[in-house]
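Line order of the protein sequences matches chains X and C. Note that full-length UniProt numbering has the first sequence beginning at 1, numbered continuously upward. Note that full-length UniProt numbering has the second sequence beginning at 1, numbered continuously upward.
Bear in mind the hints are in silico, worked out from the structure with no lab data behind them. A few of these clues could be false.
Unchecked claim - A partial selection of chain X residues facing chain C, derived with a Cβ cut-off under 7 Å:
{"no.": "1", "residue": "ALA151"}
{"no.": "2", "residue": "PHE245"}
{"no.": "3", "residue": "TYR259"}
{"no.": "4", "residue": "PHE269"}
What the hints assert, rightly or not - In silico DSS-like pairs for lysine-lysine, Cα to Cα no more than 25 Å straight-line:
{"no.": "5", "chain 1": "C", "residue 1": "LYS128", "chain 2": "X", "residue 2": "LYS153"}
{"no.": "6", "chain 1": "C", "residue 1": "LYS103", "chain 2": "C", "residue 2": "LYS84"}
{"no.": "7", "chain 1": "X", "residue 1": "LYS287", "chain 2": "C", "residue 2": "LYS146"}
{"no.": "8", "chain 1": "C", "residue 1": "LYS128", "chain 2": "X", "residue 2": "LYS287"}
{"no.": "9", "chain 1": "X", "residue 1": "LYS318", "chain 2": "C", "residue 2": "LYS135"}
{"no.": "10", "chain 1": "C", "residue 1": "LYS124", "chain 2": "X", "residue 2": "LYS175"}
{"no.": "11", "chain 1": "C", "residue 1": "LYS135", "chain 2": "X", "residue 2": "LYS287"}
To be verified - Label pairs and their in silico Cβ distance ranges:
{"no.": "12", "chain 1": "X", "residue 1": "TYR146", "chain 2": "C", "residue 2": "GLU74", "range": "52 to 58 Å"}
{"no.": "13", "chain 1": "X", "residue 1": "PRO157", "chain 2": "C", "residue 2": "LEU33", "range": "50 to 56 Å"}
{"no.": "14", "chain 1": "X", "residue 1": "PRO157", "chain 2": "C", "residue 2": "THR122", "range": "22 to 28 Å"}
{"no.": "15", "chain 1": "C", "residue 1": "ASP168", "chain 2": "X", "residue 2": "GLN111", "range": "22 to 28 Å"}
{"no.": "16", "chain 1": "C", "residue 1": "LEU162", "chain 2": "X", "residue 2": "TYR303", "range": "35 to 41 Å"}
{"no.": "17", "chain 1": "X", "residue 1": "ARG174", "chain 2": "C", "residue 2": "VAL1", "range": "52 to 58 Å"}
{"no.": "18", "chain 1": "X", "residue 1": "LEU51", "chain 2": "C", "residue 2": "ASN155", "range": "28 to 34 Å"}
Every residue, glycine too, gets a C-beta built ideally from N, C-alpha and C.
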Amino acid sequence: GGGPVPGGGPDPSAPERVCFPPTFSVSEIKNKQRRHFMFLRWKQQQRKEKLALKKKRRKEREALGDKAPPKAVPKTIENQRVYDETTVDPNDEEVAFDEATDEFAPYFNRQTVPKILITTSDRPRGRTVRFCEQLATVIPNSHVYYRRGLALKRIIPQCIARDFTDLIVINEDRKIPNGLVLSHLPDGPTAHFRMSSVRLRKEIKRKGKEPTEHVPEVILNNFTTRLGHSIGRMFAALFPHDPQFIGRQVATFHNQRDYIFFRFHRYIFKSEKKVGIQELGPRFTLKLRSLQKGTFDSKFGEYEWIHKRREMDTSRRKFHL
Amino acid sequence: VVWSMLGNRQFCSYKMTTKTQNFCRNEYNLTGLCNRSSCPLANSQYATVREEKGRCYLYMKTIERAAFPRRLWERVLLSKNYEKALEEIDENLIYWPRFIRHKCKQRFTKITQYLIRIRKLTLKRQRKLVPLRRKIERRENRREEKALIAAQLDNAIEKELLERLKQDTYGDIYNFPIHAFDKALQQQDAESESESDAEREEEDDDEDVDKREFVEAEDSELSDFEDMDKLETSSEEEQEEEEEVEKKVSHSKSKGKTPLKGPARRKRPYIEIEYEEETEPSTKTKAA
Numbered sequence: 001g002g003g004p005v006p007g008g009g010p011d012p013s014a015p016e017r018v019c020f021p022p023t024f025s026v027s028e029i030k031n032k033q034r035r036h037f038m039f040l041r042w043k044q045q046q047r048k049e050k051l052a053l054k055k056k057r058r059k060e061r062e063a064l065g066d067k068a069p070p071k072a073v074p075k076t077i078e079n080q081r082v083y084d085e086t087t088v089d090p091n092d093e094e095v096a097f098d099e100a101t102d103e104f105a106p107y108f109n110r111q112t113v114p115k116i117l118i119t120t121s122d123r124p125r126g127r128t129v130r131f132c133e134q135l136a137t138v139i140p141n142s143h144v145y146y147r148r149g150l151a152l153k154r155i156i157p158q159c160i161a162r163d164f165t166d167l168i169v170i171n172e173d174r175k176i177p178n179g180l181v182l183s184h185l186p187d188g189p190t191a192h193f194r195m196s197s198v199r200l201r202k203e204i205k206r207k208g209k210e211p212t213e214h215v216p217e218v219i220l221n222n223f224t225t226r227l228g229h230s231i232g233r234m235f236a237a238l239f240p241h242d243p244q245f246i247g248r249q250v251a252t253f254h255n256q257r258d259y260i261f262f263r264f265h266r267y268i269f270k271s272e273k274k275v276g277i278q279e280l281g282p283r284f285t286l287k288l289r290s291l292q293k294g295t296f297d298s299k300f301g302e303y304e305w306i307h308k309r310r311e312m313d314t315s316r317r318k319f320h321l
Numbered sequence: 001v002v003w004s005m006l007g008n009r010q011f012c013s014y015k016m017t018t019k020t021q022n023f024c025r026n027e028y029n030l031t032g033l034c035n036r037s038s039c040p041l042a043n044s045q046y047a048t049v050r051e052e053k054g055r056c057y058l059y060m061k062t063i064e065r066a067a068f069p070r071r072l073w074e075r076v077l078l079s080k081n082y083e084k085a086l087e088e089i090d091e092n093l094i095y096w097p098r099f100i101r102h103k104c105k106q107r108f109t110k111i112t113q114y115l116i117r118i119r120k121l122t123l124k125r126q127r128k129l130v131p132l133r134r135k136i137e138r139r140e141n142r143r144e145e146k147a148l149i150a151a152q153l154d155n156a157i158e159k160e161l162l163e164r165l166k167q168d169t170y171g172d173i174y175n176f177p178i179h180a181f182d183k184a185l186q187q188q189d190a191e192s193e194s195e196s197d198a199e200r201e202e203e204d205d206d207e208d209v210d211k212r213e214f215v216e217a218e219d220s221e222l223s224d225f226e227d228m229d230k231l232e233t234s235s236e237e238e239q240e241e242e243e244e245v246e247k248k249v250s251h252s253k254s255k256g257k258t259p260l261k262g263p264a265r266r267k268r269p270y271i272e273i274e275y276e277e278e279t280e281p282s283t284k285t286k287a288a
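Next up, chain X with everything else stripped away, as it sits in the complex (with noise of 0.2 Å):
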C-alpha cells in the first residue's frame, strides 16, 4: 500500500510541513480519530496556503500601484443574469409611444383618480380580513368589500359603473392569503401573483404607530423588462398622483429576481446624507403567475404572460421581469 501513516493519536505539536507520501489519501485511513486529526491538518495547511497567497497578491497590488490590474468583482446572480431583450432602454421611444397610448394613459395624464375595490375569496378568515384592512389604510381612496359568493364577472360590470379603477382580490387558502390577483378595471390587464410571507402590522417588529391618511410615495425599483415595466405601471396606477411629502410616507415595491417585494415606510431626513426609515404597515412578497389582456376572465382571456414552469424554470439565472 501507500508510505508510513504519519502519527497516532492527536498530536499537539504539529510539523509546520505535513509531508504526505505522494499516493496517500486522507480518506483512505480507516481509523476515525486518527482520520479525523489528519483531515484537521490538512484543512490548516490549506487555510495557510491560500492566507500566503491572498498576501503575496496583495503585496504584488501595491507593488504594481497605479499599474495594477483592476479588482476582480464578485460574480452574483445579478450580475450573471441572462440578458433579457425585451429591456427597457429608458430612451426607447416605441416603449414611450406605447406607454402614452396604453390602459394607464389616462391615469399617467392624470385624467383619472384612481379608486380600488379591496375584496377576498369566499369566507376570508380572520388574517385575510385584517390584512384587507390594512391594506386599505396602505393604499389611498380604497374600499373593502366582502366577496359573499358573488361571480367575479358579475360584479366587474358593477364596479365599472360605479367608478372604480382598480379591483384587488386577495385569494386565500388555509387561513392565509396567498394569492393576489390586481384588474385594471375599464378593460385593463389583469396580474394574478402568488403571495407569500405576509406580515400583519402587529407582527412587525417596531414601536411605531399607524400610518396617516397622507398619500404615499411609490418607489419602484428594478422593473427593467418590457414585462416589469407593465407591472409597475400597475402598481403605479393604484396609488394617486401627487403625494403629499408632509405625510412623509412611503410605499415601495422591489423587484428582486422575479419577487416583488412590498412594503410600507415612514422616512426622516436627518441630515442630507442620512435618511432614517421605520416600517409601518403590511409587508408582503408577489411572484407574477400570469398577466392578461382584458380583465379578469380565466377561460376566454387573452394571455399576455404566463410563468410556464417547465420552459421558464431552466436557467437559475434568467429573470422575467
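Chain X is fixed; fit chain C onto it per the hints.
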C-alpha cells in the same frame, strides 16, 4: 337456502361489516344493507332503481329467469317526470311485495334529489383545486429568502429617497442649506485654487494670522447671536403652542422625527430645560 349459506354464516364477498352494521356492496342492492330482505342474491324476486348518465332505470329480477344469468335483470327506463316515474314503478311492480315497492320509490326519490343538486352546482362557480408541488414550493421559498437578502431593501429605499432629495423632488420642505452651502463653498474653493496659488498662500498666511483671531471672535459672537435669533423665534413658536404639544415635540425630537435645522438642533434640548424655569433674561446672559 342461499341466505342460510351466505347471509350470516359463511362468506359473502359483497358483505362489508363495520362495528355497528353490515353493508352489502352489491350494485343491485336496494337499500345497501345486508339483510335477508335486501339481498339480491338471496331473493328470487327483486327490483332496484339505478341511474346511468342522469337517467333512472328500474331493474327487475324474477324467478322465471333464474336459469339465465344473462337475461336475469330486466331494465325499464323511467320517465323524467317525477310523478309519472312513480306511477311507472307502481305499475311495473304491481303485485310485488310492499317492501320492495316502497324501497324502490324511496331510492328513486333520493336519486332524483341528488341529480337536481348536481345540476344546480355545475351552474355555480366551482372551486378549482390546484395541487401544490412540494419540491417547487420549497424551491420558491428558498429563492425568495435569497432574493430578500440580495435585495437589501432598507439600503435601496434609503438610497432612492436620498436621490430624490438631491433631485429636488421635495422642493422646499426640507431646508438643508448646508447642502447647497457646501456646494457653493466647494465651487469657491475650486475657483480660488485655479488662480495663482503661490501669491495666495503668502497673503493667506499673513492675513490669516491676523484674521484668525479677529474672525473667530466675530464668528463666535455672530454665531451666538444668530443662534439666539433662531432660538428666539423658535422659542416664541414653542411658547405659543401648548405645553402638551411641547412635550410631544420634545418627545419626538428625542426620537428624531421632525426635520429640524442643523445647528439649532444641538442647542435646543439644552435650552428647553432652561425655559421650563421661565426665566428668560437670565438665560440670555447664561447662554452668551
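Hint-by-hint comparison with the structure:
1. ALA151: Since chain C brings a Cβ to about 6 Å from X/ALA151, closer than 7 Å, the hint holds.
2. PHE245: 5 Å, holds
3. TYR259: It holds, given that the least Cβ distance between X/TYR259 and chain C is near 5 Å, below 7 Å.
4. PHE269: Hint on X/PHE269: holds, closest Cβ of chain C at ~5 Å, below 7 Å.
5. C/LYS128 / X/LYS153: 16 Å, holds
6. C/LYS103 / C/LYS84: 17 Å, holds
7. X/LYS287 / C/LYS146: With a Cα-Cα distance of about 14 Å, the restraint between X/LYS287 and C/LYS146 holds, given a limit of 25 Å.
8. C/LYS128 / X/LYS287: Roughly 20 Å between the alpha carbons, so the hint for C/LYS128 and X/LYS287 holds.
9. X/LYS318 / C/LYS135: 20 Å, holds
10. C/LYS124 / X/LYS175: Within the cut-off at roughly 23 Å; holds.
11. C/LYS135 / X/LYS287: 17 Å, holds
12. X/TYR146 / C/GLU74: 52 to 58 Å: The hint (52 to 58 Å, Cβ to Cβ) holds, given that X/TYR146 and C/GLU74 are roughly 55 Å apart.
13. X/PRO157 / C/LEU33: 50 to 56 Å: 52 Å, holds
14. X/PRO157 / C/THR122: 22 to 28 Å: For C/THR122 against X/PRO157, whose Cβ atoms are near 23 Å apart, the range 22 to 28 Å holds.
15. C/ASP168 / X/GLN111: 22 to 28 Å: 27 Å, holds
16. C/LEU162 / X/TYR303: 35 to 41 Å: About 40 Å separates the Cβ atoms of C/LEU162 and X/TYR303, which means 35 to 41 Å holds.
17. X/ARG174 / C/VAL1: 52 to 58 Å: With a Cβ separation near 56 Å, X/ARG174 and C/VAL1 satisfy 52 to 58 Å, so the hint holds.
18. X/LEU51 / C/ASN155: 28 to 34 Å: Holds: the Cβ-Cβ distance is about 31 Å, inside 28 to 34 Å.
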